[in-house]
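Trainee: Position chain H relative to chain W; hints supplied.
These protein sequence lines map, in sequence, to chains W and H.
Okay, so the first sequence: first residue is 4 according to our numbering, each after it adds one.
Okay, so the second sequence: first residue is 4 according to our numbering, each after it adds one.
Hints may contain errors.
No copy labels: a pair is met if it fits in one copy or bridges any two.
[Unchecked claim] Keeping only pairs whose Cα atoms sit at most 30 Å apart, straight-line, the calculated DSS-like set for lysine-lysine is: (1) Lys199 x Lys73; (2) Lys41 x Lys177; (3) Lys221 x Lys73; (4) Lys73 x Lys41; (5) Lys199 x Lys41; (6) Lys7 x Lys59.
Hints were generated in silico from the structure; no laboratory data involved.
Note that the structure is a prediction, hence the values are computed from the model and not measured.
Number of protein chains: 2
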Amino acid sequence: MNDKELIELFEKSFPFWAQMSSADRETFIRSSHSVSFKKGTNIHDGNECTGIILIKSGSLRLYLLSEDGKEVTLYRLFPGDICILSASCVLQTITFDVFIDSDEDSECVVVGSCAYEDLSLRLPEAKIFALEVAVSRFSDVMWVMQQILFMSMDKRLAIFLLDETAKNGSDTVKLTHEQIARYMGSAREVISRMLKYFASEGIISSSRSEGIKILDKKRLRELTI
Amino acid sequence: MNDKELIELFEKSFPFWAQMSSADRETFIRSSHSVSFKKGTNIHDGNECTGIILIKSGSLRLYLLSEDGKEVTLYRLFPGDICILSASCVLQTITFDVFIDSDEDSECVVVGSCAYEDLSLRLPEAKIFALEVAVSRFSDVMWVMQQILFMSMDKRLAIFLLDETAKNGSDTVKLTHEQIARYMGSAREVISRMLKYFASEGIISSSRSEGIKILDKKRLRELTI
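Chain W extracted, bound-state conformation (with noise of 0.2 Å):
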């Protein structure tokens, strides 16, 4: 990636890119890189301060993970989102560590967290920008904790699936039961059993071939109320 393509991507992911001085916008390139991911790659681990990153391409996966392994899924990014809790040696109020998986190859721009500290201690802007950030994924959390702790198993797994089909335009959901589980905090026992309840109703067909087709998709859409 030239220096040009990534002044368009900063232009375009910080809202206070004009307000920064050249020396800042020169200190910004240069503390950043280009980094692309294998699908799968665990690219944060909730240890080291790993940077701000902007996904150009692919997807993440931000998760927690329990001493024994368990894995709940908080949320996705897509290409255009930003990564901030990678980064949270920028905001010293976070003490919770995630981790962060590629979810598919990715392209991505890592910013270094010392050079975004330093323009925050600078330009307030900066900081707000990284704290809204960090408040709307609060948001997303709240979201998804609401989701695991009073909805029924059906509920969310119908609003997943409705979810991935409107997120991909298609009518089938192309993941095994193994990694929708992950996504949704789950067992793969509790996904399975749940689908074959789906294709028993006829709301679904589920097959290793060609994955999960959603054949009513209006019953499905009752089961989310």
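Mentor: The following block gives chain H in isolation, referenced to the frame of chain W:
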């Protein structure tokens, strides 16, 4: 509460107070009011913008509420704390609703949301402060979420009891099983069963009149590891 006391409280609570113009300070004082809440009063139900709440005495409890009435406590606030989620209109990136109850008889000062929002437009420090308070609560909520998702109930209850005794400086926890269940987002039956187990192991004693008394703090601590 007279203006002098109010100004002292604001000086202590808002790190940007010294940077405010005298006109802004005047607006802040005029848009604030003292409120006493009786124990158990619902202060905020997620719909309206109640304002920023400064806690002078007592305590507030923030929780999620499901459609069928199940509660999960997110965190509690004590004297000196500031409640920002009751003024989610100030932070447009907060899109979830919380419920807030007065957990004891509490004395608070409520700062009007409009005055704060208006100030935030002119003083970035005020905006940053509100966002930082919100993000630090994000950290609290993630901690609760990890406990709920990943920890076994004996460990969670042991942590809860130790936290309570540390907070009160006493070896006795004067809460009903019902209350503990509500704080922990669990059911009374589950808590009662676990406390009975703790009692049978000689770790605690529990009676209606005396509350829960910690007999073996060392073993309770071991459960939290």
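Trainee: Please flag the earlier hints that this structure goes against, numbers listed from lowest up.
Mentor: Hint 5 alone not satisfied by this model.
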